[in-house]
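The hints should help you fit chain C onto chain S, whose structure is shown.
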Amino acid sequence: MHDLSVAALALGLRNRDFSSTELTQHCLQRIRALDPHYNSFISVDEVGALDAARQADARLAAGETAPLLGIPLAHKDIFCTSGLRTSCGSKMLDNFIPPYDATVTRRLRDAGTVLLGKTNMDEFAMGSSSETSFYGSSRNPWDTSRVPGGSSGGSAAAVAARLVPLATGTDTGGSIRQPASFCGITGLKPTYGRVSRLGMVAYASSLDQGGPMARTAEDCALLLNAIAGFDPQDSTSSEQPVEDYTAQLAQPLSGLRIGLPREYFGEGLEQATGERVRAALALLELQGATLVDITLPHTGLSIPTYYIIAPAEASTNLSRYDGVRYGHRCENPRNLHDLYTRSRQEGFGEEVKRRILVGTYALSAGYYDAYYRKAQQVRRLIRQDFLDAFTDVDVIAGPTTPGPAFGLGAKTSDPVSMYLEDVYTLAVNLAGLPAMSVPAGQVNGLPVGLQLIGQHFDESRLLNVAHQLQQASDWHLQLPPEAGL
Amino acid sequence: MLTVVKVMTVHQDDIEKLAELARVRIPAEEAAEVTARIATILGLVDQLQSVDTAAVEPMANPLDAVQRLRADAVTEANQREAFQAIAPAVENGLYLVPKVIE
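Protein chains in written order, with our numbering: chain S, 1 to 485; chain C, 1 to 102.
Errors might be hidden in some of the hints.
Okay, derived cross-link-like pairs now, DSS-like style, lysine-lysine, Cα gap no bigger than 30 Å in a straight line [what the hints assert, rightly or not]: (1) Lys-17(C) / Lys-91(S); (2) Lys-411(S) / Lys-91(S); (3) Lys-17(C) / Lys-411(S); (4) Lys-17(C) / Lys-99(C); (5) Lys-91(S) / Lys-99(C).
Honestly, the hints are just simulated from the structure, not real lab data.
The model shown is predicted, which means the values in this text are computed figures rather than measured ones.
Bound conformation, chain S alone (with noise of 0.2 Å):
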């Protein structure tokens, strides 16, 4: 059972081949036998699930038949779920139990899914790895000694390890692609505005986007057809119309034209890894795409201009953790002063202290303007580049990452080399365009991730893509060492 896509499970259910209620319990036997090695949930509600299962199962008796009717996932744990505890990987929130959903869970539990539990992720999201979590680091499930990715590392090695057919990530610098690529499963992080924001943890407001990850580039599509939509709750929320992210999946390549970015190719790419790229490229050329080279010019500017505008959002959002309303709050405070500066101290870990100030240093006074607002200049110079491609091309493909999955602890010593890690991803939400990672082989039994990138809104071409790969490919039902018991 827990080998097959969401969309065949839901055939199952609808057939009757198994009920909501055993396929939950199955999941939830497997996250108790397995999790132990890969540390990706922070949470799991066994009550709740079966439960919201039991609803499912009568729903299906009585013949409805909505898309993900009694499927079970699970949400990283930056999504509010009432009465479920959102910690998003900090001691800050490790208390902190929502009185409300996000609209994006909320969504969900009307769409009849099972929610079994909250997966662990880079305290705010705020790493490449998941190894920043309170909670300790999430394990990759190719190769235990590694990481996931991060931040949504969780959700990826829930899914790679099949513990979970479908997943929630957030993507504010690459977060649901690199670790998706680390994992060898498939993961959408959407246009900026297209999911809601409202109840999903602040980190950079203009950069921060919800998607799905889950195994197929089909089951992506049903759960962004869940989840996308405008949202009167969320400022920044689009009124773009919502497609069925499904109806162009079947739609043949040939004509399409497919840029190649000679940045994303270039030095610091790892040649194997480059290699398995082209032969995932070769085989959409060999549908009919056409592979067009083209140049992104300030690629590289990325990751500078990057880490000025999300550390100076999260040092602004992260001003709302005082130890007053909700969250961590230190003992016997001597007064306010007090009160605020050492409860963050103790809830904050390095890497989110580290952004908080790198971020307040942005905004001071004197330096505002050599640096914050230097960065969204060169934000629009960014954007421009990619506008300027897509007057040639349909969509853009390259590496999701230089290289696999590193090592636990290889680079947390060195903020810096993290941060270069993300150099293919981050761009694109400076750009606020949707990009996908897609299953590409593997090197040294590590998985490949290819990431296509499109235009504004276009979502259902880059799924298009992804499904006609994967209708010719089959890395991505490869199947982790351990994941098979």
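Here is chain C on its own, set in the frame of chain S:
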């Protein structure tokens, strides 16, 4: 593809002042290391200074969207009890903080 061009001169007392402004105390024994790491990050972001952006409009929103406004009407029900149930210290519907005025 990327090189760290230079290490910004940022001193330990600058970092201590920033930490004070951001209300995140850095323990004394960690201050030197935090300063060194932040100096490296600032060195990385300093690459931006080489780009000519004189004619470029800053971009705050990737879709250049402007803030949507709603009618100035009460749309939310009062949820004070639900919100205060998760607060660390409340009394009679008020959030408690240490005494501010002596």
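Status of each hint after checking the structure:
| no. | hint | result |
| --- | --- | --- |
| 1 | Lys-17(C) / Lys-91(S) | 24 Å, holds |
| 2 | Lys-411(S) / Lys-91(S) | 22 Å, holds |
| 3 | Lys-17(C) / Lys-411(S) | 28 Å, holds |
| 4 | Lys-17(C) / Lys-99(C) | 25 Å, holds |
| 5 | Lys-91(S) / Lys-99(C) | 26 Å, holds |
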